[in-house]
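Line by line, the protein sequences are chains E and P.
Anchor point for the first sequence: position 203 equals 203 in this note's numbering, and the numbering is continuous, going up by one each time.
Heads up: take any position in the second sequence, counting from 1, add 290, and you land on this note's numbering.
Everything labelled a hint here was simulated from the structure, so no lab data went into it.
A couple of the hints might just be wrong.
[Claimed, not checked] Straight-line Cα separation of at most 25 angstroms, SDA-like style, residue types lysine to any residue; simulated pairs:
1. E:K7 with P:R484
2. E:K238 with E:K210
3. E:K210 with P:L329
4. E:K238 with P:R484
5. E:K7 with P:L329
Since the structure is predicted, the reported quantities are computational estimates derived from the model, not experimental observations.
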Amino acid sequence: MKLSLRKQQILWGYIFVSPWIVGTVLLFAYPLMRSLLMSFQRVTGLVQLKSEWAGLVNYSEAFREDVRLIPTLTETLGDMAVDMPLILVFSLIMALLLSRVRRGQTALRTIFFMPVVIGSAGVIQELLRAGAGDEIMMSTMEPILVSSASSPIEGGIVTPIQAVLDRLTLIIWRTGVQILLFVAGLNSIPPSLYEAAYVDGSTNWEAFWKISLPMLSPVILVAAIYTLVDSFTDPLNKVVDYIMDVSIGASLRLDYGAALGWIYFVLVFVLIVLLVRLSSGIIFYAGERE
Amino acid sequence: MKINSELRINRFLIRNHINQWSSWERHARALQRRLGTILRWLVLIDFVYVFLFPVIFMFTTSIKTVHELNNPAVNWISRSPTMQGYQLAFEVLNYFDGVRISLLTSVLAAVGQTLVGAMVAYGFARMRFPGRDLLFALLLFTIVVPPQTIMVPQFMLYTNLKWTNTYLPLILPPFLSYGVRGGILLIVFRQFFRGLPYELEDAAYVDGAGPFRVFWQIMLPLAQPAILVVMLFSLVWTWNDNFTPWLVLRDNTLFTLTQRMEIFNSLLNNFSGSTYTNLEENTFMAAVALTVLPVLLIYLFAQRYFTQSIDRTGLVE
């Protein structure tokens, strides 16, 4: 039997993506549905994994009785709200600086990307525990802090600044991929745009706001989503820690862990949808037609 | 960058021509530019320091003697460097065993993720079949679901398959393009394939090659930069992964190097038979250094090709 050319093409398409489809069914769709089901159940026998329908018991426990869930969630969200803009602005500045450097760019990029390679959660944890975080704070920021502590604006402005500085090492070590994205984004902006602007008498400052930033806006969204996903799967994240503890820790409460996992996922998903929605008016797609 | 500087010169020439600038103004311009470069480098060097600080801290602390650790006068360089920390950490980690396990799992995972990932992404980028866009939307969706949400059924699945305490859950999912952050790596490949010209494929099809041959013999060799990027990311992320190993490995003689480092404290206690009294930072930092050393070396060897590849991958359209 000879298939038509179009049918052959379709068949080959499915063949090419078939490993992913198998993976999605086995390692994604099935576990996702199973955990949704489990979150409405109560596991009665751990050995044979017997479970019975329990309705919303797990969810009501999470929101009404659990003393750890809500505080860890709000704390994580609060940290996120501080970290995300810092990570984005910092990596954008780094990328802008890098793109202006002619010699030594490769070496600089090697260094700025190193935390991604070796900065696993465990390593960062160990380093922070050993004091690598405090010491850099002290050596670079102490003069500023000391002078601001004695100034009249103390309290109002110093506390948040200090909170930011405390997280500096952590934040900087999480910017590798974002810097990479921004550098790639900056390189992909057609030079003719700048050329036209400069001929019309634009300054670098104006060119940044009127060309670089709008052209980068889709990349900024990608970087923001990456930052969000990255921080929400980070084992240093307290919510993740808590879910792991509940479901595969000593208590081994699989049903409740599944419910927590779903609450967490819905929250992350809502945040990403919000991010995409809110940014849709701001983002400029240069290649967009229709 | 080069174009940028040429542009600036162009602009400069045009303005100069129009305004009949005096030579004083020209000098001021040149000076301003030079100052800008110096300032930029100052800021960059400052950040290089911040980025490198933890690494430098790790290595310098690891070779300090116990006495020097508590001596604030010894800031950076140890006056009598010692390898005692390394010796102890080496034995406690059972280093060669750990390296063997970590290297085996991450290399196999990286190979699987790269080969299968390239194939799947090529399908998404270049094949036309019904439901493709829907499947791609699903792929994007898989990225934003935290692994913790699907962790429990996955754990049960691996238990039923009797895969606990084996490396199969670390090695096999990448061969279904479900390695650590497999979704993101698929997108890197897809973006790359979408950027390649169609003419090469068309020519091969006209010459009678089948789709798989076109992929294997024409597109894959062209995808070298993307392959390098995906392979390195996959390798490093699997090496540093502290999710799946904790899910499936129970016996601590089977632990990956990263896991061993994370429970270094209790390993040390087991090793010495009782609570270790000499919990010194040099040993801890030596353990961390030993854990990151293999990936650090691989990265430094590959980095030249790596940064070039990033530019050619078209990470951003």
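Margin query: Next pair to validate is E:K7 with P:R484; report whether the Cα-Cα distance is within 25 angstroms.
Written below: 22 angstroms, holds
Item checked: Proposed proximity, P:R484 with E:K238 (alpha carbon, max 25 angstroms) -> 39 angstroms, violated
Next item on the list: Could you grab the alpha-carbon distance between E:K210 and P:L329 and see if it respects the 25 angstroms cut-off?
Entry: 24 angstroms, holds
Note to self: Tell me if the straight-line CA distance from E:K7 to P:L329 falls inside 25 angstroms.
What the structure shows: 61 angstroms, violated
Checklist line | 25 angstroms limit on alpha-carbon distance, applied to hinted pair E:K238 and E:K210 | finding: With Cα atoms ~40 angstroms apart, E:K238 and E:K210 exceed 25 angstroms; violated.
Of the numbered hints listed earlier, those contradicted by the structure are 2, 4 and 5.
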